[in-house]
Amino acid sequence: QSPLARVYDLGGYILLLGVGYGNNTSFHLAEGRAGAGEIIRQGAPIWLNGRRVWQWFESIDYDDELFPQIGADFEQVNPVSIGTVGLAECRLFHQKTAVDFATDWLRNHASG
Numbered sequence: 001q002s003p004l005a006r007v008y009d010l011g012g013y014i015l016l017l018g019v020g021y022g023n024n025t026s027f028h029l030a031e032g033r034a035g036a037g038e039i040i041r042q043g044a045p046i047w048l049n050g051r052r053v054w055q056w057f058e059s060i061d062y063d064d065e066l067f068p069q070i071g072a073d074f075e076q077v078n079p080v081s082i083g084t085v086g087l088a089e090c091r092l093f094h095q096k097t098a099v100d101f102a103t104d105w106l107r108n109h110a111s112g
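Counting along the sequence shown from 1, when you hit position 87 you're at 87 in the numbering used here, and nothing is skipped either side.
None of these hints come from the bench; they were simulated from the model.
Take these hints with a grain of salt, some might be off.
What the hints assert, rightly or not - Have a look at the derived ranges for each label pair, beta carbon to beta carbon:
id, residue 1, residue 2, range
1, Asp63, Ala5, 18 to 28 Å
2, Arg107, Gly86, 33 to 43 Å
3, Gly86, Gly50, 38 to 48 Å
4, Gly86, Ile46, 19 to 29 Å
5, Pro79, Asn23, 29 to 39 Å
6, Asp100, Ser59, 30 to 40 Å
7, Gly12, Gly86, 20 to 30 Å
8, Arg6, Leu92, 32 to 42 Å
Ideal Cβ positions, reconstructed from N, Cα and C, are used throughout, including at glycine.
Starting from the given sequences, assemble the full structure and let the hints guide the process.
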């Protein structure tokens with residue numbers, strides 16, 4: 001259970017504040033649910049027993065390249081409130097609706 005999945009389960013909303021759909025991290029939840037992205041091996045330094053050690057782990061190779069198109073298609077068929085905060089254009093929409101749409105979109109459009 002990720003924080004994004006918890007927002008999904010609780011019926012939360014997404015506010016894109018001055019950024020586009022390319023920055024919508026909830027679409028990564030859709031990638032996982034759609035089976036998009038390959039499993040890769042990554043590493044990072046961690047502290048273990050007072051020492052810095054390198055830890056390997058498996059992760060999904062996320063790709064946000066398609067997110068702007070998914071977002072544009074999403075707006076064509078789903079309610080999105082668009083407004084401004086200061087000079088920033090903002091979008092507010094239901095996260096579950098967006099994730100479900102993106103999951104279906106990726107299953108139907110993504111190659112591989």
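Indicate whether the distance between the beta carbons of Gly86 and Gly50 respects the range 38 to 48 Å. Because 46 Å falls inside the window, the suggested range holds.
Confirm or reject the claim that Gly12 and Gly86 have a C-beta distance inside 20 to 30 Å. holds (23 Å)
Distance restraint hint 19 to 29 Å, applied to the beta-carbon atoms of Gly86 and Ile46: Roughly 39 Å apart at Cβ, these two residues miss the hinted range, so it is violated.
Taking the Cβ atom of Asp100 and the Cβ atom of Ser59, is their distance within the range 30 to 40 Å? Given about 23 Å between the Cβ atoms, the range is violated.
Satisfaction of the hinted span 18 to 28 Å by the C-beta atoms belonging to Asp63 and Ala5: holds (19 Å)
Could you say whether the range 29 to 39 Å given as a hint is met by the Cβ separation of Pro79 and Asn23? Distance hint for Pro79, Asn23 is violated at roughly 20 Å.
Taking 33 to 43 Å as the stated bounds, is the beta-carbon spacing between Arg107 and Gly86 within them? Once the Cβ atoms are compared, 38 Å apart, the range 33 to 43 Å for Gly86 and Arg107 holds.
Taking 32 to 42 Å as the stated bounds, is the beta-carbon spacing between Arg6 and Leu92 within them? violated (19 Å)
Checked against the numbered hints above, the structure breaks hints 4, 5, 6 and 8 and satisfies the rest.
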